[in-house]
Amino acid sequence: MIGFLQNIGRTTLAFLAAIGRLSLFTLAAVRWTFLPPYYLRQLGRQMIDIGYFSLPVVGLTTLFSGMVLALQSYTGFARFSAEDTVATVVVLSVTRELGPVLAGLMVAGRIGASMAAEIGTMRVTDQIDALDTLSTRPMQYLVAPRIVAGTVCLPFLVLIGDLIGVFGGYLVGVYRLGFNPSIYLSRTLEYLEISDVTLGLVKAAVFGFLIALMGCYHGYHSGRGAEGVGRATTNAVVSASILILIANYIVTALFFG
Amino acid sequence: MTAQRKASPPKIVLQGMTKSFGDKQVLRGIDLEVAAEESLAIIGTSGCGKSVTLKCLLGLLRADGGSIRVDGEEMINAGRHQMESMRQRFGMTFQFGALFDSLPIWENVTFRLRQRQHMTRQQARDAAAETITQLGLAAHVIDQYPAELSGGMQKRVALARAIADKPEILLFDEPTSGLDPITGGVIDRLIIDSVNRLGATAVTISHDMASVRRIADKVAMVHNGVIIWCGPASEMDNSGVEEVHQFVHGLADGPLTLAAQAEARRG
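These protein sequences, in sequence, are chains A and B. Take the first sequence: its letters are residues 0 to 256, numbered as in numbering that gives the first Met the number 0. Take the second sequence: its letters are residues 0 to 266, numbered as in numbering that gives the first Met the number 0.
Simulated from the structure, these hints should not be mistaken for lab results. Worth double-checking, as some hints may not be accurate.
Derived SDA-like pairs: lysine to any residue, alpha-carbon spacing no greater than 25 Å straight-line [unchecked claim]: (1) B/K23 - A/N6; (2) B/K165 - B/T119; (3) B/K23 - A/L12; (4) B/K165 - A/D131; (5) B/K23 - A/D83; (6) B/K23 - A/L59; (7) B/K23 - A/L158.
Predicted model only: the values in this text are computed from it and were never measured.
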């Protein structure tokens with residue numbers, strides 16, 4: 000019995016310590032983001048990596064999601080003769096929910112993993128210590144540019160993903176389900192409000208921050224050796240994905256109504 | 000490395016420096032003095048605390064207790080700014096080079112120079128080319144990436160990065176590990192030349208006794224988290240300490256082996 004309680008106590012303490020470490024890391028990352036010197040070249044590199052090179056994966060994901068959504072919503076709505084709402088359902092679902100969440104999850108897999116692996120490898124090979132010895136703060140040089148790039152780039156990715164997702168719905172609606180193109184387009188725009196898009200972009204910025212934070216945190220605290228880097232990479236992707244789903248509900252609830 | 004020392008106050012003084020990781024006490028009270036322009040080598044078995052000593056000296060790890068003084072300035076509880084300013088006086092090479100994979104050689108070599116001085120790209124490239132040619136590398140290497148270089152070349156680039164802005168104190172962590180004896184000898188000669196040219200104080204960690212004999216004026220041996228012997232490199236063979244004798248001569252049997260076996264049993 001005592002052993003069982005000891006295990007619970009040890010696990011609780013480890014959990015609280017991890018929360019504390021993450022909180023301190025987050026505060027330091029945000030603080031160093033605003034203080035000079037600013038490593039603009041590092042920022043540019045990260046923005047290209049996150050924003051530009053993630054476009055294909057986000058584009059494909061949202062394109063097929065929009066297409067599937069059009070098919071599925073048509074199947075459902077046809078049962079009570081509401082087929083003409085397909086365009087509205089597609090655009091609202093993509094902009095408010097699917098675009099940011101799917102883009103977030105895909106980028107978490109691509110970028111969260113690569114950040115954790117890169118920074119983790121730097122930790123294991125003493126490159127982070129070398130930065131310190133070369134009068135450069137690792138938090139400013141490695142972490143801050145990634146956090147800024149993640150937070151700034153994901154809304155742009157989501158905006159493009161939204162357009163592609165809606166276009167996917169349009170393709171299926173017009174060429175598979177036989178909607179009139181101009182009616183489909185007018186239905187798409189008729190009930191769409193600017194706040195629908197804004198909500199999606201706010202979510203995207205939050206997700207971008209979380210992805211970069213998790214990638215950097217787990218990489219920065221990576222264990223020794225290849226196994227340590229591998230574990231850091233897995234943890235970065237899993238924790239970013241879970242946090243995206245939690246944050247998705249919180250942001251939606253805040254904007255609800 | 001140099002035969003005569005001036006009678007001047009020590010450059011680096013460690014007194015009773017301790018460091019633990021969880022329940023494990025790695026350093027139990029390190030006492031060391033390094034004079035200005037002196038070259039000290041720290042030897043000892045793997046895991047005895049040599050690298051931890053170096054990292055505590057540079058503030059990469061926080062020592063738990065004792066005193067670390069550089070030119071009389073106490074660093075043990077130094078704030079961030081004081082520590083950063085002190086680090087600017089140091090140059091360090093790491094065991095596996097720790098070159099930045101994503102940057103070409105010229106950016107690696109001039110990394111700190113470019114942080115501290117506003118250099119143009121061309122000035123930085125010129126400075127990098129000058130430094131690496133001093134170390135026997137061809138100038139065109141500056142456009143290559145670390146992964147394209149051999150182990151010996153990476154060590155030279157790491158040395159170039161450490162000396163590029165002429166630090167007062169140079170720290171070398173296993174500078175010849177993983178190199179063949181000939182390349183190791185070349186690296187040693189480059190270290191000696193660089194340290195002498197800069198008039199720097201040097202602290203080297205090494206298992207390579209041939210290298211230690213070449214580059215060190217003074218040798219300190221760490222065992223069980225304390226310095227068990229410290230003296231001139233020339234007296235290493237006649238230290239009168241069993242552990243030093245076993246280590247220096249690479250003997251399989253002796254007190255170090257027994258200690259390692261006891262440690263392994265404790266887990």
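Hints violated by the structure (listed by number, smallest first):
5, 6, 7
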